[in-house]
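Colleague: What follows is each chain in one-letter form.
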Amino acid sequence: MVSLVLVSHSRQLAEGLADLVRQVAGDVPVAAVGGTPDGRLGTDATAIAEAINEVYSDDGVLVLMDLGSSVMAAETALELLTPDRAANVHLCGAPLVEGAVAAGVEARVGGDLARVRAAAESALNHPKF
Amino acid sequence: MDVNGLVQLLNNIAKVLHEQADFLSELDNAIGDGDHGHNMDKGFKAVQERVLSNPDPDLGKILQKVGMTLISTVGGAAGPLYGTAFLRMGSQLAGKQEVTLQDLPKLMEVAIAGIQQRGKAVRGEKTMLDALIPAKEALDAALAAGKPAVEALSDAVAAAAEGVEYTKTIKATKGRASYLGERSIGHQDPGATSSYFMIRALRDTVAGA
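Chains as they are written, first to last, in the working numbering: chain A, 1318 to 1446; chain B, 222 to 430.
Hints listed in this document are in silico derivations from the structure and should not be mistaken for laboratory results. Because the structure is a prediction, the values reported are computed rather than measured. Some clues are possibly wrong.
[As the list claims (entries may be wrong)] In silico SDA-like links for lysine to any residue, alpha-carbon gap of 20 Å or less: (1) B/395 with A/1392; (2) B/286 with B/235; (3) B/286 with A/1396; (4) B/392 with A/1385; (5) B/341 with B/394; (6) B/341 with A/1388; (7) B/286 with A/1363.
[Unchecked claim] These stretches of chain A come out as covered by chain B in the derived footprint (C-beta under 8 Å, 3 or more residues): (8) 1357 to 1364; (9) 1384 to 1394.
For each residue, glycine too, the CB sits at the ideal point set by N, CA and C.
Just chain A, same shape as in the assembly (with noise of 0.2 Å):
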């Protein structure tokens, strides 16, 4: 089962969504990373690498980001895990909330990493009105 890291400048927001989309995703397993250590918001790639290793699965990971640095930050901490887990951890562009539940349910009904990441970009073609 492929799992989900979520990552945001602010933890709140991060954690805030995990609950989101655990409603709809069952048992895959969501990772919410934001905020600096000392809690500013902020992100810290040393802490989304360990977001990442906590949820792996050989299945993949797909991690979804807010803006600006959330972006920089999760592209710094795929150099951090090792080379053999980065290749099976896709970063994805889609917005974050919506693509985060487009994942949580592809994820729960086991599409494999390309189609949660496919279902998560495709939330940009669902318009709210």
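Using the hints provided, position chain B relative to the given structure of chain A.
Modeller: Using the frame of chain A, we list chain B on its own:
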């Protein structure tokens, strides 16, 4: 420069970034999220506590630890950017206990390449590269002309300062400042400014100031 020299340099960088924290955040407040100075101050304070208080004899290891510390403590984009630069310089200096001015162009080259890779930016996009690349070029020219260390480093500092001035004239296309587009013109880039302070700290450390 040996371990003591490198520790002194990093302490001097921490000191200037602490002194300039309000100024750098003010610059960032105009075009970004207003935290660059205090983020850098936090990061280099952590470097002092975790790395400089008990320095490794291997210069490469020191720089790698500096990189890891910045990555985990700065918080903003400067964390992965400067962190990657220090990690790359650390790999370059692995196993060395002494570094000379002749090593510096290569160190700057790998640092700049790391920042470019991480930020997917090029020169002229209102980033730290607009201070670092001219500084590296000025250093190359000064060394080719056979200038002594402090003079060569002063050329690099002057080129970085010009680079910072140049960032006032261009619009941002990277990072939070890019949301402002044309309205970012007229403001100097905080990342280029912190890069300038680091190069100036290097010159001042070598000059014994």
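Colleague: Which of the listed hints are not met by the structure?
Modeller: none
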